[in-house]
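**Q** Read off the chains here:
There are 2 protein chains.
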Amino acid sequence: MDWTQKILEGDLRTVARMIRDIDDGLPEARAILKELFPHTGRAYVIGVTGSPGVGKSTLVDRMIQNLRARGKTVGVLAVDPTSPFSGGAILGDRIRMQRHSTDEGVFIRSMATRGHFGGLTPSTRGAIAVLDAMGKDYILVETVGVGQDEIEIVRAAHTTLIVLIPGMGDDIQAIKAGILEAGDVFVINKADREGAQKTRQELLTMIEMDKDRKTKGGWKPTIFMAEALKNQGVEDLMAGIEEHRAFLLKKDPHYLAEFQYYRARMELFDLVKQDVIGAIMEQLTQSGKWDEFVQDLVQKKTDPYSLSEEIIDRYLKDCRIPQ
Amino acid sequence: MDWTQKILEGDLRTVARMIRDIDDGLPEARAILKELFPHTGRAYVIGVTGSPGVGKSTLVDRMIQNLRARGKTVGVLAVDPTSPFSGGAILGDRIRMQRHSTDEGVFIRSMATRGHFGGLTPSTRGAIAVLDAMGKDYILVETVGVGQDEIEIVRAAHTTLIVLIPGMGDDIQAIKAGILEAGDVFVINKADREGAQKTRQELLTMIEMDKDRKTKGGWKPTIFMAEALKNQGVEDLMAGIEEHRAFLLKKDPHYLAEFQYYRARMELFDLVKQDVIGAIMEQLTQSGKWDEFVQDLVQKKTDPYSLSEEIIDRYLKDCRIPQ
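These protein sequence lines are chains A and B, in that order. According to this note's numbering, the first sequence is numbered sequentially starting from 1. According to this note's numbering, the second sequence is numbered sequentially starting from 1.
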């Protein structure tokens, strides 16, 4: 039986190998992803992001517990950005979720996202597609960090959950991160700590400031308080996520179409970016041109802008740099 | 007099407008950057990064003070990733550095990095080149956040300074960020807080684990303790940065060549990435093809992988996706 069929039937070993192959950037995985694509779109994807130390893994563990109690199957992807230096990801706290590893309704995988030229997003989307095709009802995607790449990853989610904790340094820390505007639902974890109400108030103010909410189809982001370690507030939070889901799926058919268009556009853009850069760099390095160009640059024989234009003239058809 | 000449002569208004134009992605800026390129390479670039709330701005303020006391001129770039949703950057704490605004030897600019298709790095490098060409001895580049993009930005630096604070949540928070491996010099700020020695010990352990240090030419990252608010520890830190500078410039001519090659390669790669994607997306959107493709994807008429391959066949010469 081929991999596609095995994945559709939920074969755990094949799914695990497939996600590893995607993570490793093996080209064979691509053909299978093509075949899986028509079988995707059923799962509900929740992105979970926030700074290191806010307790994302503990919270995800509680969310799994809640979904399982409601009879839902769950796929979890923990995405750790790879260091460009070591090539390795450190997944220490994955261990917390391992108590679900004997539950057949839960499938947990970490990705090191070794993504070569294009970043993490296409690999993450590929892995989401696999969990979707294998039949999981919910897919939780946990990211580490708060950079632009994490924003890209959460674009693949239906509901983006941002995890904060009270008073992390500056009062404006929350605002600075930029990623906050991506949040559909916020949770202030470790809410027993001092300053929880202050953080909540700051968030509320931010949300009120964003009157237009053009990108959210009118959805007003909601805020929940939780203590994931004690399993407090998780039920309310999950109800809040369901509320957002209901908003997306039922409230406004026009908005749903817009949302799907937006998601498809992002997916294609991220993939094209990866493929195009990969193809050009392959050609440049194979031909030895790349090394030549870099040497010219080191010796200041030319400037990077002229070199880049030369590359575009040489390898692109009918395209030029936008003026 | 033309802009290039004015920038080389240090004309503040022209420099400010030039950096704004780069930030806005104006194509006119590109021609000037080409002309400036031969005049760059003299300034010493220090990247300063760390999570929100660790006190980066206060520390940078103290670093400026220290450099000025040594008679050095300083350019500062504060790079805030733009939210893809609002298009704006929030630069609240820039205010702290403004006491230097009457000092002619200091030039401070924030960038919102509206970078279109390619990310923040080419814009940041462009702005660094401008400050370099205008004659600043030191350029401090402060980034917000700890994602992959910030790692890319710090690649433009000679010395990368990572700012931490004691006991931010998990013990392993430091390790998780990934960006740590990019650090040449570490500073534990707010070192009067509980747990400072513990954080230092964890860092030391990490550094010891990285025995090979292949990417750093044998440099063993150093750790300093500081309280930037009270101006404590800053002098030692600056001496530590000078030590790294001396290592780069004098110790090993082979390593310096390698370092310069690495920097040039990164610079060219980041720019090619931006230009190539920009050119292809321009062509795709102008021709109406892009909208057509996304609609096909929404309706599941095809899959993103096949579409991306179609785009490569259509717009790239002699290139294919690496197999």
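Check each hint, because a few of them may be wrong.
The list treats identical chains as interchangeable, and a pair is accepted whether it falls inside one copy or across any two copies.
Computed list of lysine to aspartate or glutamate pairs in EDC-like fashion (alpha-carbon distance at most 20 Å, straight line) [unchecked claim]:
no. : residue 1 : residue 2
1   : K301      : E35
2   : K317      : E282
3   : K72       : D313
4   : K300      : E35
5   : K300      : E258
6   : K250      : E202
7   : K6        : E35
8   : K34       : E227
9   : K34       : E310
10  : K250      : D137
11  : K300      : E235
12  : K190      : E292
13  : K198      : D291
14  : K300      : D318
15  : K198      : E309
16  : K300      : E242
17  : K34       : E309
18  : K230      : E309
19  : K300      : D24
20  : K230      : D21
21  : K289      : E258
22  : K34       : D313
23  : K289      : D103
24  : K34       : D236
Keep in mind that the hints were calculated from the coordinates and are not lab data.
**Q** Run every hint past the structure and note whether it holds.
**A** Evaluated hints:
For the homomeric pair K301 and E35, the shortest alpha-carbon distance between copies (12 Å) is at most 20 Å, but the shortest distance inside one copy (48 Å) is not. For the homomeric pair K317 and E282, the shortest alpha-carbon distances inside one copy (17 Å) and between copies (12 Å) are both at most 20 Å. Taking the shortest alpha-carbon separations for K72 and D313, neither the intra-copy value of 53 Å nor the inter-copy value of 42 Å comes in at or below 20 Å. For the homomeric pair K300 and E35, the shortest alpha-carbon distance between copies (12 Å) is at most 20 Å, but the shortest distance inside one copy (48 Å) is not.
Only between protomers do K300 and E258 lie at most 20 Å apart by alpha-carbon distance; the minimum there is 15 Å, versus 48 Å within a single protomer. Taking identical chains as interchangeable, the C-alpha atoms of K250 and E202 are never at most 20 Å apart, the minima being 30 Å within one chain and 50 Å between chains. For a Cα distance limit of 20 Å, the shortest separation of K6 from E35 inside one copy, 12 Å, qualifies, whereas the shortest one across copies, 58 Å, does not. Proximity of K34 and E227 under a CA criterion of 20 Å is satisfied in neither setting, with 41 Å inside one chain copy and 55 Å between copies.
In this assembly of identical chains, the alpha carbons of K34 and E310 lie at most 20 Å apart only when taken from different copies (14 Å versus 34 Å within one copy). In this assembly of identical chains, the alpha carbons of K250 and D137 lie at most 20 Å apart only when taken from the same copy (18 Å versus 59 Å across copies). For the homomeric pair K300 and E235, neither the shortest alpha-carbon distance inside one copy (61 Å) nor that between copies (35 Å) is at most 20 Å. Taking identical chains as interchangeable, the C-alpha atoms of K190 and E292 are never at most 20 Å apart, the minima being 54 Å within one chain and 47 Å between chains.
With identical chains, the CA atoms of K198 and D291 are never at most 20 Å apart, being 54 Å at best within one copy and 44 Å at best between copies. For the identical chains of this complex, K300 and D318 are neighbours neither inside a copy (29 Å) nor across copies (28 Å), given an alpha-carbon limit of 20 Å. In this assembly of identical chains, the alpha carbons of K198 and E309 never lie at most 20 Å apart, being 51 Å within a copy and 50 Å across copies at closest. Proximity of K300 and E242 under a CA criterion of 20 Å is satisfied in neither setting, with 58 Å inside one chain copy and 26 Å between copies.
Taking the shortest Cα distances, K34 and E309 sit within 20 Å of each other only across copies (12 Å), while inside one copy they are farther apart (33 Å). Neither within a single protomer nor between protomers do K230 and E309 lie at most 20 Å apart by alpha-carbon distance, with minima of 57 Å and 49 Å respectively. Within a single copy, K300 and D24 get their C-alpha atoms no closer than 36 Å, and across copies no closer than 26 Å, so neither meets the 20 Å cut-off. Taking CA atoms no more than 20 Å apart as the test, K230 paired with D21 passes in neither setting, with 37 Å inside one copy and 51 Å between copies.
Taking the shortest Cα distances, K289 and E258 sit within 20 Å of each other only across copies (18 Å), while inside one copy they are farther apart (43 Å). Only between protomers do K34 and D313 lie at most 20 Å apart by alpha-carbon distance; the minimum there is 17 Å, versus 31 Å within a single protomer. Taking identical chains as interchangeable, the C-alpha atoms of K289 and D103 are never at most 20 Å apart, the minima being 53 Å within one chain and 46 Å between chains. Taking the closest pair of Cα atoms, K34 and D236 never come within 20 Å of each other, the shortest separation being 38 Å inside a single copy and 57 Å across copies.
In this structure, the hints that do not hold are numbers 3, 6, 8, 11, 12, 13, 14, 15, 16, 18, 19, 20, 23, 24, in rising order.
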